[in-house]
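Using the hints, position chain U against chain V.
Protein chains in written order, with this note's numbering: chain V, 1 to 381; chain U, 1001 to 1290.
Quick caveat, the hints were computed from the structure, so don't treat them as lab data. All the pointers check out, no bait thrown in.
Capping the alpha-carbon separation at 30 Å, the derived lysine-lysine pairs in DSSO-like fashion look like this:
1) V/K309 <-> U/K1174
2) U/K1200 <-> U/K1174
3) U/K1200 <-> V/K309
Derived CB-CB ranges, DEER-like:
4) V/F232 <-> U/R1197: 51 to 61 Å
5) V/P38 <-> U/R1031: 46 to 56 Å
6) U/E1023 <-> V/I351: 16 to 26 Å
7) U/D1162 <-> V/V355: 36 to 46 Å
8) V/L265 <-> U/T1254: 51 to 61 Å
9) V/R375 <-> U/R1197: 18 to 28 Å
10) U/A1143 <-> V/L250: 40 to 50 Å
11) V/P38 <-> U/G1177: 51 to 61 Å
12) U/S1114 <-> V/A312: 24 to 34 Å
13) V/E301 <-> U/V1102: 17 to 27 Å
14) V/E301 <-> U/T1113: 17 to 27 Å
15) V/V244 <-> U/R1060: 22 to 32 Å
16) U/K1027 <-> V/R375: 32 to 42 Å
17) U/A1117 <-> V/T340: 50 to 60 Å
Listing some non-contacts, in silico: residues in chain U with all C-beta distances to chain V over 10 Å:
18) I1021
19) K1027
20) R1061
21) K1064
22) I1066
23) D1067
24) M1089
25) R1146
26) D1252
27) E1261
Being a predicted model, the structure only gives us computed values, none of them experimental. Glycine included, each C-beta is placed from N, C-alpha and C at the ideal position.
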Amino acid sequence: MSEAQRVTVRRGRLPAVVKVVVIAVGAAVLSAGLLFSPARNVIGPDIVGEQEIVRIIGPTGQTTEVKAIIDSGAAASSMDTELARELGFDLENAPKVTVSSSLGKERRPQVQANLKLAGHDRVAKVNVNSRTGRDALVLIGRAELTDLQVRIGQQMLTTPDGKASPNSIGVLLTPAPSIGVESLLALLPLAVLLMVVLRVWIGLNTLGTFSPVLLALGYTQTGLAAGLATTFVMIVIGFAAQAVLHRTHLPRVARLAVLVGVVVLVLLALREMTAANGVSVLVGSSLPVVVTAVIIERLWEQWEADGLKDAAGSAALTIGAGIISALVMVTPMVRYLGETVPLSFAAACLIWSFVAGTYRGLRLTELLRFSSAARAQEAVR
Amino acid sequence: MSPLLRGWDPIMGMNARNKLIAEVNSKNAIRLVNNKYETKQALTDAGAPTSPTVRLVRTRREIKDIDWAAMPDSWAMKPNQGLGGSGIMLAAGRQDSHWRKVSGKPLSQNDITSHLARIIDGDFSPRLTDWALFEPLIHAHPALARMSFQGLPDIRVICVGDEPRLAMLRLPTKHSGGRANLHQRAIGAAVDLDTGRVTKARVGTQPIESHPDTGYPLIGAAVPHWTAVLDAASRCAAATGLRYLGADIVVDRTRGPLILEVNARPGLQIQNISGQGLIASIALDEGISR
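Just chain V, with the same shape it has in the complex (with noise of 0.2 Å):
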């Protein structure tokens, strides 16, 4: 090799590690500002959707919180039974009334409870029966709807209180939050910006690129805990039986379409297990099935190429990268900027993500697979 040729590497002002720190820092302080954002309601106050969270008060002074579905085509609210009795209504000496539901009439106990829906404080006369199986416990009738507007087709907008929408925590634990699709839709360019974020600023990579954000959008309809779970159990039994497939020689196309049949076969499952609590109704259609089978091949294959951990490590990557997804997208923020503003907002998360894109420095993570080699660098200097 020539002298002229081993030229010196132009020097940027600032060292490359720097850089990549600074941008990582950078990131890191974004999306925690997102994250902790300002609590504030995703339309307005006095908004609801098909679904919130309402405040129920017993007789004794006993309080919880539950999600309610608001049907301003029922009359009178509904609550569950056995909720009921834990609040402390004494049901065998409640008045009895006549309720017609697409049930047919029925005679049930009705008892006086004090509601808080969006700011909005109400005595309401609640009639009581058995919602197991139903999607919520409780049921808000027109009744309690007074001042208030309904949103069709949207979801979560406010607390009790009215001051707030539910932050995003909140969101993902309660069960089956089923948040619109057509709402997620302007939030789709942020979560796959975060995507580009993680590979190409700190160099994190997922079982599959965008994946992450296709198990988030599932986890914003079935809420965390059974979202959580149904990975879980998918990628398990999916695993298992990946493993007797790899046996076979079956063509990949054959072994993929099998490997989607099992999974499905695992959602309907779960779902004909789960019906009866009425929790995890959405399972079934919410999850999506494809990806999940081709996360499992990958994983397979980073099993066999890689070993356990490093196949481990990718799983948890990657259902991590979805609920941190998930959280940004249910952010009241977010979920703001998405209903008020959904084409600027899809607009600048696209061209961020072209921005995001053209970074060509080192990654965060390549400082340390690359630390033996700097430090060589830096002996010879």
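Positioned in the frame of chain V, the structure of chain U alone reads:
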């Protein structure tokens, strides 16, 4: 600014590598090197040494037509577009009417046929179907075989155009299961371009002086036919059209250096092995004109 932080400046990261490749390696050249059969043709046409293809199998129907008696006594069967050395099957010799694995165990005709079918069904390739090709089995040069634990050691040479800029030797270990894959804990050893001798070696993140399985001393060991290895590497650019490449070269005990593969997207781990940053080594600013 403290000079301590300047050690990272010559290190090439994934983002910089991807940009470099997108800029200097043409799509056609990348497509060519992803196709082993065509790459070998191109290398042969350019006078670069490579292992010939003795049989190409394009469809399941062609499997029946293979004249096994006409096969060499030992061979390697590979997917034409396989990734990362997956899907390779080796036969080390004939045994009666059967074949024998490198381990000495028998290899039935049935196993071979079903593996061929898997290759053709695209099990090891990013495409839906693939071709399988047979090559005469490569036997590592004794000087290299001594330095490794089974398997086939190879030399990765990073070239800018026809100029070799960095080289490392990859030596299989017990842990790597005969594969020369650093990821699976094969040894990576930096080779000095001028002398062809090993200057440092490591397994994973651990610097070593001798082979962990055999105790054979590695530092100072010489790669046989070094000038011919560099000559082979320097012919890859002209043969394939790539301007930044990683040539994988093996040294056969009788045939000498043979180009196994040409990579359009060579990995970055060589920086840790050699202790040299790729940005510095390839002299990005002058070595490759844009």
